[in-house]
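Peer 1: As a plain string of letters, each chain reads:
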Amino acid sequence: GAVVSQHPSWVICKSGTSVKIECRSLDFQATTMFWYRQFPKQSLMLMATSNEGSKATYEQGVEKDKFLINHASLTLSTLTVTSAHPEDSSFYICSANPRAGSNTGELFFGEGSRLTVL
Amino acid sequence: SQKIEQNSEALNIQEGKTATLTCNYTNYSPAYLQWYRQDPGRGPVFLLLIRENEKEKRKERLKVTFDTTLKQSLFHITASQPADSATYLCALAGSSNYQLIWGAGTKLIIKP
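Taken in order, these protein sequences are the chains called Y and W. In this text, residue positions in the first sequence follow the numbering used here: the first is 1, and each later residue adds one. In this text, residue positions in the second sequence follow the numbering used here: the first is 119, and each later residue adds one.
It should be emphasised that the hints constitute simulated quantities derived from the structure, not laboratory data. Beta carbons are placed, not taken as given, at the ideal position from N, Cα and C, and that holds for glycine. Just to be clear, a hint being listed does not mean it is correct.
[As the list claims (entries may be wrong)] So, partial list: chain W residues that the calculated Cβ filter (under 8 Å) puts toward chain Y: (1) P162; (2) F164; (3) L167; (4) G221; (5) G223.
Put together the whole structure using the sequences plus the hints.
Peer 2: Okay, structure coming up:
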């Protein structure tokens, strides 16, 4: 089965600093990756769609200058939370769509990254 | 606006019984519907997908039904086990892309 690895699994940082989260597809190539954030007892909220070799598409209300996404290869996408503030504390999860094109739409998720901004 | 509703209250089921979770949606005509399992502090794991023209799908102890008239999907776990305890998410998608609309999930607790 397809495996998506996310790192780090948890991170604590000071307010004003930047944090980078990596999402890797380990055994398949992913032209498209998705970044979500999730608050306790709430649904997954899509932040942006990351496409290899092109700019990410951000959902309405998500600041692209604050949440920088880079998808430089078919196996790696990164999310950088710039100038983090306590309200950015959340659970960030990435998912990937296999390049081979499963038209079932099944998504493979990373383990998630818990960000706490002090 | 499109909306997905899952029972917000935790569902407590005795081990060995069948657990049934509900997913209702409004203002949407999905091409397919998916169910995922999410454990605390982990990413969701895909379980089952059912298409709009399918009434029922089974996988081992899991069964999903899809009623497009009622705009509802039911997710059943038969012979439930404590290891089935988790939050179960439903998600809907159109036919043209992989972007899903997610429910908030229902927490299932299987008591031994």
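Peer 1: Run every hint past the structure and note whether it holds.
Peer 2: Here's how the hints hold up against the structure:
1. P162: 5 Å, holds
2. F164: 5 Å, holds
3. L167: Holds. Min distance 5 Å.
4. G221: 6 Å, holds
5. G223: 7 Å, holds
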